[in-house]
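Protein chains: 2
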Amino acid sequence: MNYPAGVKKTKCNMVQYSNRGMSLEHDLNETNEFYRISNRAIIYKKPTPITIVKVDYKSRIDAVIKEAYFKTPSTTDYNGIYKEKYLDFEAKETKNKTFFPLANIHSHQIEHLKKIREHGGIGFLIVRFSTLNLTYFLDSSKLVEFIETNTRKSIPLQYFEDYGYRIFDNYNPRLDYLAVVDIIYFGGK
Amino acid sequence: MNYPAGVKKTKCNMVQYSNRGMSLEHDLNETNEFYRISNRAIIYKKPTPITIVKVDYKSRIDAVIKEAYFKTPSTTDYNGIYKEKYLDFEAKETKNKTFFPLANIHSHQIEHLKKIREHGGIGFLIVRFSTLNLTYFLDSSKLVEFIETNTRKSIPLQYFEDYGYRIFDNYNPRLDYLAVVDIIYFGGK
Chain A
89 MNYPAGVKKT KCNMVQYSNR GMSLEHDLNE TNEFYRISNR AIIYKKPTPI TIVKVDYKSR
149 IDAVIKEAYF KTPSTTDYNG IYKEKYLDFE AKETKNKTFF PLANIHSHQI EHLKKIREHG
209 GIGFLIVRFS TLNLTYFLDS SKLVEFIETN TRKSIPLQYF EDYGYRIFDN YNPRLDYLAV
269 VDIIYFGGK
Chain B
89 MNYPAGVKKT KCNMVQYSNR GMSLEHDLNE TNEFYRISNR AIIYKKPTPI TIVKVDYKSR
149 IDAVIKEAYF KTPSTTDYNG IYKEKYLDFE AKETKNKTFF PLANIHSHQI EHLKKIREHG
209 GIGFLIVRFS TLNLTYFLDS SKLVEFIETN TRKSIPLQYF EDYGYRIFDN YNPRLDYLAV
269 VDIIYFGGK
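Protein sequence lines, in the order shown, are assigned to chains A and B. Going by the working numbering, the first sequence opens with residue 89, and the numbers climb by one from there. Going by the working numbering, the second sequence opens with residue 89, and the numbers climb by one from there.
Since the hints were made in silico from the structure, they are not lab data. Hints may be right or wrong, so weigh each one.
When chains are identical, the list treats them as one kind, so a pair holds in a single copy or across two.
Straight-line alpha carbon distances no greater than 20 Å define the calculated EDC-like cross-link-like pairs of lysine to aspartate or glutamate that follow [unchecked claim]:
#	residue 1	residue 2
1	202	121
2	154	270
3	180	155
4	134	121
5	159	206
6	134	257
7	171	199
8	159	249
9	159	121
10	159	199
11	142	155
12	180	165
13	134	113
14	154	206
15	230	155
16	185	144
17	180	264
18	183	199
19	154	144
20	134	144
21	133	165
22	159	113
23	202	165
24	185	155
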């Protein structure tokens, strides 16, 4: 594609030097693609769950969904396999600067992460404070511990600082969250 | 709900004594729900992948998808965790009575099952010959072996008989495919 020279340059700079404006989902999709290509892990985002009501079948290939609704997800958004272990997580962004509102995660998603842990899997939460451009990894054990020992409806940023791990922006992989999994679950290897 | 007596009875009989007419997907969803409730495994069907083009936002709750398209799935339909292992499978029905056409599975789904195996996970295929009411479990190793040693574009029923495991209809769980996983991966325990 041809862009006017100035536009192309701006676009390049944006991609190379700054992560601002890129969504967490976009960064995680790039990261997971990198992990798959380099054969480090097989992790995918699940499709958005919807209820389909009406479909126009002009042909088998050209079916158009004409009416559908978003469903509440029963599970988390991402799962897969890493170092022979089942891995499962939810990712959320907040514009809030001091805390992460728990209303952002459904209670059955938290129950799901608890179950995964019980069954010997790896479960965690990735939270981005987008206004501050800070991204944290919080293991499901620490998430559940917070919920079970607090009555408040939000997790302070400080809790992520104290019990979570900061994930720094990088070039490739974009957000190396498996480096944190290595520290917590595989003794830093 | 109130049904005329005769209709209710017919419905009851159908549910209790016969599986014919129930789709494989329906049976697997019931089975997975049973596994989850009994805490034996945490396995879900992934939502159907779609590309959303147009959404009407009357309110956040009442958003209606007005235009969307089905996408080719990158992975298999089902995954989860069983006995601390990552488990992943695809399920397909065919009306054919003598063979399973390989066109029913996308090549990248087969590649995905190969990768899962490489990474230490459990991968397999469940195929129902719906006209014969026969359901088989075929481990991904046997699926890949067939593809790599044959040029034909379909797997004969006999191959499932010889290298797969028949899964019998049951009451609860409906299709106890984890019993086969136990035989293959956990020494029958």
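Hints, verified against the model:
1. 202 with 121: between (27 Å within a copy, 17 Å between copies)
2. 154 with 270: Close neither inside one copy (45 Å) nor across copies (43 Å); limit 20 Å.
3. 180 with 155: Close neither inside one copy (27 Å) nor across copies (26 Å); limit 20 Å.
4. 134 with 121: both (14 Å within a copy, 19 Å between copies)
5. 159 with 206: neither (26 Å within a copy, 34 Å between copies)
6. 134 with 257: The answer is neither: 23 Å in one copy and 29 Å across copies each exceed 20 Å.
7. 171 with 199: Between copies only: 18 Å across, 24 Å inside.
8. 159 with 249: neither (33 Å within a copy, 40 Å between copies)
9. 159 with 121: This pair counts as between: shortest inter-copy Cα distance 18 Å, intra-copy 26 Å.
10. 159 with 199: Close inside one copy (18 Å), not across copies (30 Å); limit 20 Å.
11. 142 with 155: both (5 Å within a copy, 10 Å between copies)
12. 180 with 165: within (10 Å within a copy, 24 Å between copies)
13. 134 with 113: Answer is both; intra-copy 12 Å and inter-copy 18 Å each pass.
14. 154 with 206: Neither way: residue 154 and residue 206 sit 41 Å apart in one copy and 40 Å across, limit 20 Å.
15. 230 with 155: neither (40 Å within a copy, 41 Å between copies)
16. 185 with 144: Neither: 45 Å inside a copy, 31 Å across copies.
17. 180 with 264: within (16 Å within a copy, 36 Å between copies)
18. 183 with 199: For residue 183 and residue 199, neither the intra-copy (25 Å) nor the inter-copy (39 Å) Cα distance is at most 20 Å.
19. 154 with 144: both (7 Å within a copy, 11 Å between copies)
20. 134 with 144: For residue 134 and residue 144, the Cα distance exceeds 20 Å both inside one copy (25 Å) and across copies (23 Å).
21. 133 with 165: both (6 Å within a copy, 13 Å between copies)
22. 159 with 113: Result: close both inside a copy and across copies, 19 Å intra and 19 Å inter.
23. 202 with 165: Intra 15 Å, inter 23 Å, cutoff 20 Å: intra-copy only.
24. 185 with 155: neither (37 Å within a copy, 36 Å between copies)
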